[in-house]
Structure formats: structure tokens, C-alpha cells
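Each chain, written out:
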Amino acid sequence: MSDETFFLDDEEIPFKSGQTIIQAALTAGKYIPHLCYHPEFKPHGSCKLCTVRIDSRSVTTEDGQTVRIPGRAVASCTTPAQSGQHVESETQELLDLRRTLVQMLLVEGNHFCPSCEKSGKCMLQALGYELGVFDPHFPQYFSKRPVDASHPDILLDFNRCILCELCVRASAEVDKKNVFSLSGRGPTKHLICNSESGELGDTNFAATDKAANVCPVGVILHKRHGFEVPYGERRFDLEPISARPEQYAPTKEQV
Amino acid sequence: MGRLPVRTSNHNGNGANDAASIEAVLARHHHDGTRLMQILRETQEAIGWLSPPTLTAIAQGTKLPRARVEGVAGFYHFFHTRQMGRYRVLWSDNITDRMLGSVDLMQRMCKKLWISPGTVSEDRQVSVDTTSCTGLGDQGPAILVNYRPITRMTADRVDAIANLIRHDKPLDEWPAEFFRIDDNIHRKDIMLGHDLAPGDALKALSSPQQVLEAIKASGLRGRGGAGFSTGQKWEFCRDAVGHGANPAHYVVCNADEGEPGTFKDRVLLTSYADLVFEGMTISGYVIGAKKGLVYLRGEYRHLLDPLNAVLERRRQANLLGAGIQGRTGFDFDIEIHLGAGAYICGEETALLESLEGKRGVPRRRPPFPVSNGFLDQPTAVNNVETLAAAALIAAKGAAWYKAIGTAKSSGTKILSVSGDCDRPGIYEYPYGVTVAQVLADCGARDTQACQIAGASGTCVSPPEFKRRIAFEDIPTGGSFMVFDGSRDIFEVARNFTHFFADESCGFCTPCRVGTTLLKNVMDKIHDGHGGEYDIQDALLITKVLRTASHCGLGQSACNAVNDTLKKFRPSYELRLHSRKFEPAFDLDKALSKMREVTGRDDAGAHFYVERRKHSDDENRTEAPR
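Respectively, the protein sequence lines represent chains F and E.
FYI, the numbering for the first sequence is 1 to 255, going by my numbering.
FYI, the numbering for the second sequence is 1001 to 1625, going by my numbering.
Treat the hints as calculated values from the structure; they're not laboratory data.
Every value quoted in this text rests on a predicted model; they were computed, and no experiment measured them.
Please note: incorrect hints may appear among the correct ones.
[Said to hold, decoys possible] Here are the simulated lysine-lysine pairs, DSSO-like style, with alpha carbons at most 30 Å apart:
| # | chain 1 | residue 1 | chain 2 | residue 2 |
| --- | --- | --- | --- | --- |
| 1 | E | Lys-1543 | F | Lys-42 |
| 2 | E | Lys-1358 | F | Lys-144 |
| 3 | E | Lys-1589 | F | Lys-144 |
| 4 | F | Lys-177 | E | Lys-1063 |
| 5 | F | Lys-42 | E | Lys-1063 |
| 6 | E | Lys-1466 | E | Lys-1408 |
| 7 | E | Lys-1290 | E | Lys-1396 |
| 8 | E | Lys-1593 | F | Lys-144 |
| 9 | E | Lys-1566 | E | Lys-1580 |
| 10 | F | Lys-210 | F | Lys-16 |
| 11 | F | Lys-30 | E | Lys-1543 |
| 12 | E | Lys-1188 | E | Lys-1408 |
| 13 | F | Lys-210 | E | Lys-1358 |
| 14 | F | Lys-144 | E | Lys-1543 |
| 15 | F | Lys-121 | F | Lys-210 |
| 16 | F | Lys-210 | F | Lys-223 |
| 17 | E | Lys-1291 | E | Lys-1396 |
| 18 | E | Lys-1216 | E | Lys-1290 |
| 19 | F | Lys-121 | F | Lys-144 |
| 20 | F | Lys-42 | E | Lys-1358 |
| 21 | E | Lys-1358 | F | Lys-177 |
| 22 | E | Lys-1396 | E | Lys-1203 |
| 23 | F | Lys-176 | E | Lys-1358 |
| 24 | F | Lys-176 | E | Lys-1063 |
| 25 | E | Lys-1567 | E | Lys-1408 |
| 26 | E | Lys-1466 | E | Lys-1567 |
| 27 | E | Lys-1063 | F | Lys-210 |
| 28 | F | Lys-177 | F | Lys-210 |
With the sequences and hints as input, model every part of the structure.
Rendered as C-alpha cells:
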């Protein structure tokens, strides 16, 4: 325990040494948008939705004008909190940035919410609502990503993959199976399965694996389980993603 | 590392021979998964490509998850998980190659070989494609054939090569003249004109502490582009403690010279390798490292054997190995690792990942490599030129070095000059030289712009030609591309957006998606469908790239577009059709099918861009977007 604090949008937030900004903020009940961060895993900072600015300052010029010098932009999930630091999160600039990032993810993959089993419990969709994303803005990639239905219990729909690597991390760290990995790079980066055929059915993946239940979007789906809760009554239909930030707070000690 | 089998005899079966070849490679690398890059490359050189069973065998041999091995193979441009042709031709696609006619020449080659770019011929004989700058900008257009560089391509040379490929002539029997690579040194200063014999700088060594003080006092800063104080880096590294069961310190030489338009490290490693290796040895002496690694870009595969020969000669002369020059405890040796076509691996933490046999994704910093580098041990990563400079300082003293250059940038800088000038090549100047001076020396006329420090660098226009090459003014890793009045600056910027979209590692959203979106916007403008809307979009994307990207690649991927929009706006505006939004496809053309069906061809059945432009002019008061 320690009584160190930093400031998030001028609100004082306590933190324990070693905690990152987002971990401390969520624990204190302040929401910062995120996709690749997950309370049970070591943050790796790829989606950049949680970008914040640190230690912006104002200076007064010779002619008496006040000029704002923006601070460093960092991923709050991987940046350790520091005592006395001033962190900006809910500024217009950062909200615009996050909206654009969601739009980028929406055009990169093929996201058709009305036909998706994860609609209403999808973090990407929920963030779209949260941030006021009314259109994808950019031209769609229309990327071709075949689905993988080879596994008896699990369907993989790569069209919706946002490359957050949560399944990769879950399978490696929790399940100790290394079922998933990433291949390609840049625009060709994609998720692959640990088998010579490339198919999930040829791996030792199980529906009870942590990796089978960690996907924030609609890639890893359980067969024969669909629409058990109707649209309109699902998690993010009932409350926005930003409600109860504590639910995303880290569940155990981790540095 | 011995000479590998002839690379032109790429048989592609998966028989017993292949299994033996894979096992031989694995044994040579002690089945060590951290050596995966070298294992994959040598396997591919031996048996042609990395088939699914081959990857499985390598995964089993190294005890790595198979998907991890496939993920690494899939990351690098020069690894092939699909069967390739017996001849693989790659055209360097930098803007300077294009200016020398590479696009038409490549088309000619494809026509001669009856294939389209990016595909493998049906008889599996040949494929032709493009690749990022191969570091031969002063003697382009350049190509790689099975990763061996051929310079100065002409129509005649294209025809000759097409013939050789069709007649299945092994590369070793091709005219030697094709493979000639010149140093093209036009201006020498203290480094390129040095008079040291191998070992001289080592002989001059005092205590590690004193050498460190000298490096610090010399004001030497990193030559790769970032310009961090070399002395400070070595001090941090020296003071850091190794961890775990095998604590150690490492020296890494960053020879992943990928910035478009840079080729000075190629020349240093071709003709000044002793100086570079001596710098590495001195770095090892200062920080307490026993081992140095050179990360050589895959495009410089042709330097591997000559460099290994230099290392061997130095070992024989007791300039490497145990008890160097008879000093007990001064043990140091150097090993060369080859990259496989990834610009991002020039970023030091991505380079370290690659050295450890992983995908070249930049690490989070802190911690920095000086405390947690190669295999998590304290590591000093330095540019080729920096290490050569360190050797000079060790031999001749800090004061001598400090007196050269400017107050904040001591010493000299080697520039790789290419583009529109009479004498492209290598120029070494004391820091502080003006852009105008360089232009005069290389014989540039009617210069419209200079792109300094490569695709991620600065585009300099004539009013700025009095600016200086120095850390305090225009810093550069060495790339200096010249464009005369006949060039289209928009095309330069567009070429760079293609480069970054190809080279983004894809780790973070802004760079993975943003570089491609920016490329698409530039292509849309190029294709004649651009409007003011698209310029605004380009600016929006550049802002996201700059603010939120994980590493320097993404943050600087937009520099060229930003700079040229500011300084060469007319070259964009010439192409804009509409002040408002214009879709990327041709609306009128899209209606042609319907005109055919309905038999109509009147004005109402057409969609004219001109008419839209006209109505735009009437609606001037309306703000774009």
C-alpha cells in the first residue's frame, strides 16, 4: 500500500507503486476506453484506444498570450502512474482520436453488427456507441478473411478480428497451449492457429479454454450457442461500456 | 557459418534430402530457438522455401510452438511460406529507382517473361516483384535476383537477364559485370580518409574508464538518426547489471540500413569493415561485453561472406577472440546475423526481437536496451558509422574529434547522395555543411527539393538550402535524395506512403491501418478522384499517426505528406477535381452498363465531373467537408 496519487483530468487518483495509469484509474472508478487491455493480463498497448496525454503545460508568451503545450501522448495501459503527474483523458482531442481509431478498426475488418452474435456484448460496438461513432468515415477495406469452422465446438470468424492478441496471450499464459499466434505484418497481419493445416480443428483447443472466452469482439464463437439472450437485453444494451469502471480493474496483483 | 549450397538449385520436394538439410541447419545452431531467424534463412537457402512440413520440423527441432515459427516466417518479406520460382526477381522500388526508369524496365521484364508482377510463372521458373529500397540508390535501378544484387539496370540488361532465366542459367554463370557494386566515394574526410591499420585503435586503448571518458568528451552522437550521446549510452550499459542465470553484456551493431536512399553503411562494411569491427571491440572493452552481434539487413546478404572473412582474419591476428593483443581478460568476438527484409528492424528494439528469433515488433520503452536488451541483458546498440567513429576517437583522441564539426555536432557525417545529380554516391563532410554545398558538390542543377533523412525525414525546399546538416538543424541518418525541376513532388510523397504501408509491423492500430489509409488517399488523388475532402482526410490520418503510434515508424510515416502539403501544395492541387467529396470510383463509367441496357445516351444518363466542379464553384461559400 502507498498513498501516492496522480491527477486524471484534474481528479486525484490514488495508486499503488507499479500500477499503470489505466489500472489505477479503473480501480478508482474512472473509465478510460480500451480494447486490448484486459484486467487479467499483462497490458501490451497495441490498440491505442487508451491513449492519454501526460503533463501538458501552459506558458505565457511575451505578449501575454497563454499557449498550451500538449504533453506526451502515451498508452495509459502500459505507462506506470507517477506521483503528482497530470494526465488528460477526456479532452476533445483525445476523444476525437479514439473515435478515429474505432473507425479505423471498423473499416479494416468486416463488421456487420446486425448479423453478429456478439452484438450488444461486443466491446468494439460498445465503444462505437460510447464515443459517438456514427459512420466508419474511411473507405472499407472489404478484406477477404475466410472463416474456420473446423473445430467441433468453436467457430472462428476472422472478419471481426481487431488483432488485440488477447486470445494469443490467454492461450500462452493461462491455457499453456499456444493455440494462436500472429503472422503477416502491417496490412497482412492476421491470426493463425497452431497446426500444420492451419485449422483450429487440428489443434488441442477446447471450448473451456480461457482463450475461447476472452475475445472482446465476435471472432471466437461457441457453436450451438446463439442468441440465448435476445438483442436489446444484453450487457451493453442495458448499460454503456463506461458504466462501473471497477469491473475492468485488475483482478490480482500484477506488474 | 560455411558457404551454403548453390542458391539457384532450388528443388522443392519434401523428401529425405530436405529432412537431412533441415537437421543439418538445426544442428549448426544447436537447436536454439533464439536463432530462429538464421535457421529459417539457412533452411530456405538450402531447400528453396518454407513449406508447412518444413515449419513443423523446425518447430519440433527448436521446441517452439509451431504457430510461433510460422508467425516469424510470415513477418519477413524474404521468407517464403509459399513455393516461389527458381528465380526470384525483386525490383528496388524507391523513388530514386523509379526516377531512373525502374517501372518501365520491370514491365519490360514481365512482358519478356510472360508473367505479371507479384505472381510465380506456371512452370515455377520465375517471379518478378518489387521490394523496398535495396541500398543501391547511386547505381540504380537495382534488382535482387535470389537476393543477389544487380545494379544499373537497362533495357539491354533486362533482355539479357530474361534470356538467362529462360535458359535456366545458374546465377554463378551470369556475367560478373551485372553484380558489380561500386563504392562511389566522392568526398573523404577523417573517416573515409583514415590512415589506421587494423589493430591501431586497439593498441591505443587505456583503461575502459578512460576510453569511456574520451568517447563522452568527444561529443559523439548516434549516427543512425536519433542522435543519442554514445558515451552516455555506453556508460548506462556499463553500469547496468546483467540478470538471470547467464548474466552478460552485449554490443550490437545496427547494420539494418533500411531508410530509403541510404547506402553509406554498405560502403563502410564493404571497404571499412575493420574500422567498424574495431569500434565494436572497443565498445565491448568499455561496457564489459564478450560478444558483439552485427544485424545485417537481408538485402546485404552478399556482404556476409566477405565480412566473415574479415572476422576470421582479425581472429588470426589476435584482434578478436581471447586475450586480444595479449591483454589478459580482454576477450571479445563478433557474430553476424542476417535480417530478412524488414525496415522496422532498424528500430533498435525491433532489431533485438529479431535477433532473438521473433517477429520484428518494437518493444515498449522503458526499459531501454542499455539495461534490458538482447536476451534481456544490458546491450549497447549502435549504428555502423557510430562504431567506426568510436574507433577513430579511441585512436586519435577526443579533442581532435571534438574540434571537427559544430559545437553541438562533433565529427563528420557520411551522406548517401542519390537522385538528380551528376555524381551520386558517398560524401563525407564535417557537421555543419549546408544543403547548398552538398548540392553544388554532387553536381545538382535546378533543384526543386531535397529529401533528407529518407522517407521519414524532412523535405527541404530551395529557400531552406542554406540550412545545415547537423543535429541542431537538419539531423539525418545519411539519406540525401535530390529532385530537380522536372520531378513531381506529389509522386515522391506517394512513393513514401506506399513504402510505409509495406513496412508497418502492424502492431498498433494507428500505424497498421493509418499507413494503408494514407496510401489509399494518395492513390485516390493520383488516380484523379481526389478532392479537398481527401486532403483533409490525409491531415486527419497524419495527426493520428503522429499522436498515437507505438514507435518512430508510425510517428514519422506522415512526415513526407505533411512537408510536401506545406511546401509543395500546388503539386497536389493540380490533381484535385472537386472541392468537395469525390468517390474513388468513376461514377459515369459505373453508369455505362445501365446506358447499354436502356439504350440511353443523353445528358441525363451521364454523370459529368466537370458539371460537379462547376456547381462547386457556385457553392464556394460552403466549407469543405
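Hints versus structure:
With a CA separation close to 28 Å, the supplied pair E/Lys-1543 and F/Lys-42 stays within the 30 Å bound. The hinted pair formed by E/Lys-1358 and F/Lys-144 meets the criterion: a straight-line CA distance of about 27 Å does not exceed 30 Å. Of the pairs offered as hints, the one joining E/Lys-1589 and F/Lys-144 holds, with about 25 Å between alpha carbons and a cut-off of 30 Å not exceeded. Our distance criterion of 30 Å between C-alpha atoms is met by F/Lys-177 and E/Lys-1063, whose separation comes to about 13 Å.
A threshold of 30 Å between alpha carbons decides the hint, and for F/Lys-42 with E/Lys-1063 the separation of about 24 Å falls inside it, so the pair holds. For the hint linking E/Lys-1466 to E/Lys-1408, the alpha-carbon distance of about 18 Å falls within 30 Å, and the restraint holds. Taken as a hint, the E/Lys-1290 and E/Lys-1396 pair is honoured in the structure, with Cα atoms around 24 Å apart against an allowance of 30 Å. Distance check on the hinted pair: E/Lys-1593 and F/Lys-144 sit about 26 Å apart at the alpha-carbon level, within 30 Å; holds.
The hinted pair formed by E/Lys-1566 and E/Lys-1580 meets the criterion: a straight-line CA distance of about 20 Å does not exceed 30 Å. Proximity of F/Lys-210 to F/Lys-16 is assessed by CA-CA distance (about 28 Å); at most 30 Å being required, the pair is judged to hold. The straight-line distance between the Cα atoms of F/Lys-30 and E/Lys-1543 is roughly 26 Å, inside the 30 Å bound, and the hint therefore holds. Distance check on the hinted pair: E/Lys-1188 and E/Lys-1408 sit about 22 Å apart at the alpha-carbon level, within 30 Å; holds.
The hinted pair formed by F/Lys-210 and E/Lys-1358 meets the criterion: a straight-line CA distance of about 24 Å does not exceed 30 Å. Only pairs whose Cα atoms come within 30 Å are accepted, and F/Lys-144 paired with E/Lys-1543 is accepted, the gap being roughly 28 Å. Taken as a hint, the F/Lys-121 and F/Lys-210 pair is honoured in the structure, with Cα atoms around 17 Å apart against an allowance of 30 Å. Distance check on the hinted pair: F/Lys-210 and F/Lys-223 sit about 16 Å apart at the alpha-carbon level, within 30 Å; holds.
With a CA separation close to 25 Å, the supplied pair E/Lys-1291 and E/Lys-1396 stays within the 30 Å bound. Taking the CA atoms of E/Lys-1216 and E/Lys-1290, the gap is near 22 Å; set against the 30 Å cutoff, the hint holds. Taking the CA atoms of F/Lys-121 and F/Lys-144, the gap is about 24 Å. The hint holds against a cut of 30 Å. Using a Cα cut-off of 30 Å, the hinted pair F/Lys-42 and E/Lys-1358 holds, with the two alpha carbons roughly 19 Å apart.
In summary, the hint linking E/Lys-1358 to F/Lys-177 is supported, as the alpha carbons are separated by about 18 Å, within the 30 Å threshold. This hinted pair checks out: E/Lys-1396 and E/Lys-1203 have alpha carbons roughly 11 Å apart, not beyond 30 Å. About 19 Å separates the Cα atoms of F/Lys-176 and E/Lys-1358, which keeps this hinted pair within 30 Å; it holds. A hinted pair counts as satisfied when its Cα atoms are at most 30 Å apart, and F/Lys-176 with E/Lys-1063 qualifies at roughly 14 Å.
For the suggested pair E/Lys-1567 and E/Lys-1408, the alpha carbons sit about 28 Å apart, so the restraint of at most 30 Å is met. For the given pair, E/Lys-1466 sits about 16 Å from E/Lys-1567 by alpha-carbon distance, which is consistent with the 30 Å threshold. The hinted pair formed by E/Lys-1063 and F/Lys-210 meets the criterion: a straight-line CA distance of about 23 Å does not exceed 30 Å. At roughly 10 Å between alpha-carbon atoms, F/Lys-177 and F/Lys-210 fall within 30 Å of each other, so this suggested pair holds.
Hint check: no violations occur; every hint is consistent with the structure.
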